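Using the hints, position chain B against chain A.
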Amino acid sequence: MECNRCEEPSVMHAAYSGAHLCEAHFRESVEKRVRRRVRRDDLVPHDATPENPQTWVIGLSGGKDSVVLTQLLYDTFEEDPRIELVGLTIHEGIEGYRDKSVDACIELADDLDIRHEVVSYAEEFGVEMDDVVEDDPENMAACAYCGVFRRDLLEEYAEKLGADLMLTGHNLDDEAQTAMMNFLEGDVAQIAKHFDASLGPISEREDQDAFVPRAKPLRDVPEKEVALYAHLEDLPAHITECPHSSEAYRAEIQQLLYDLEENHPGTRHSILSGYEELAGIVANRYNGDDEEGADLRECVECGSTTTRERCRKCSLLDALV
Amino acid sequence: MRVTVDVKGEETHEFALEDVPTESAETAVEQPTYADLLSKIDLSPHEVSVLVDGRPVPEDQPVESEHVTVLRLIKGG
Chain A
1 MECNRCEEPS VMHAAYSGAH LCEAHFRESV EKRVRRRVRR DDLVPHDATP ENPQTWVIGL
61 SGGKDSVVLT QLLYDTFEED PRIELVGLTI HEGIEGYRDK SVDACIELAD DLDIRHEVVS
121 YAEEFGVEMD DVVEDDPENM AACAYCGVFR RDLLEEYAEK LGADLMLTGH NLDDEAQTAM
181 MNFLEGDVAQ IAKHFDASLG PISEREDQDA FVPRAKPLRD VPEKEVALYA HLEDLPAHIT
241 ECPHSSEAYR AEIQQLLYDL EENHPGTRHS ILSGYEELAG IVANRYNGDD EEGADLRECV
301 ECGSTTTRER CRKCSLLDAL V
Chain B
1 MRVTVDVKGE ETHEFALEDV PTESAETAVE QPTYADLLSK IDLSPHEVSV LVDGRPVPED
61 QPVESEHVTV LRLIKGG
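Protein sequence lines correspond, in order, to chains A and B.
For the first sequence, the numbering used here assigns the number 1 to the initial residue and increments by one for each residue that follows.
For the second sequence, the numbering used here assigns the number 1 to the initial residue and increments by one for each residue that follows.
Okay, chain B solo, but in the shape it has when bound:
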């Protein structure tokens, strides 16, 4: 499966899910997680929110969508 990762306000990345290393995955299945996707584009799950169809998803879950939106947290409160 090919996945498009749209980092809002920045770049859009596209790659094959098979090319995503699964090092950070703690799931029983050998399938890349959203955290693995973030790791591939050098983002920490603690500095972004991951949305699928506009809904936030837990980063430790296996990627099941072809299109993922990433929102960077904005500093300053």
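Just chain A, same shape as in the assembly:
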């Protein structure tokens, strides 16, 4: 089968668009979608100048998504003196898993010659995920602890590194799953927060003074295409699943979306585009009420911004030690 745009053999078929693309045109199509997303989300502010460059911190785990994101942002902004990229890697303390992916991050950052920081749960919190899973004082899935710790460190270090923006490699499948989960859980407040935290165009978000704004420029690209891009570009992505991975509900939604996508190609795209429109509307509505967001305060233990007296991370650490 030939590529739709030239005579080279196609390497992929996108059922949602009907396209068959060769290696070169597939890469071009991924790059185009990411650049369009950077523009539509207003990620480069108008007042960014070479004298006043923006610092973009990328959450770099070493998996395919963050590695592809880093490479694409590098290719896009390599010659642009207004944007400085920094890779931020979190070591959770997972034997036989994270060490190798940290190596992948170091290799990529070296190749691209970008600044790279590694921080660990062990050094920051005095815990490692392998032990947390053993203790499990709150009787929760591993990802529930790990997510709280990871967000805390990404936020803290993004701030320390002077980040104007924090970017993560969430792809279309990730975001369509999250959208479905929020919707099925009836969590409209969460949908509004999702818009202000990471989905909305920067210029349309409610000011989040306490937090570094986040962005997900890969969210128009299906997971399969992110993996294919990493494969074709021969990027140093780490390819082992986390041994503690246990998000049962997400896995159920993922399977549901695979089945829907099979019979109705384009379902993930339409879920996310409808969800984003809806999220913008409910964010506006919720921002009218002063109840939300007004009760942010500093955690009594670590000083980070929280809605509680003691933040979730500190409560979990207390339970663990």
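Calculated from the structure, these hints are not laboratory results.
Owing to the predicted nature of the structure, the values given are computational and were not obtained by experimental measurement.
Each hint can be trusted.
List time: in silico SDA-like cross-link candidates among lysine to any residue, alpha-carbon distance up to 25 Å: (1) B:40 - A:252; (2) A:160 - A:310; (3) A:100 - A:247; (4) B:8 - A:242; (5) A:100 - B:47.
Chain B in isolation, oriented as in the chain A frame:
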């Protein structure tokens, strides 16, 4: 034709191409596609990459190789 489907890190499957149902095929020819092969082993084309001789192939194409490698996508970015 007999086809070997090697799911990396998991099982290797072998079956006769004639035994592969062609339900998901939208091609004009009544020949099983790579998507049909995946369906037979309960995998979605959205969770794997299919390689023939180390090259990715579009899943809607008719199977033309006796040996197919399947790479599962790894969660986590």
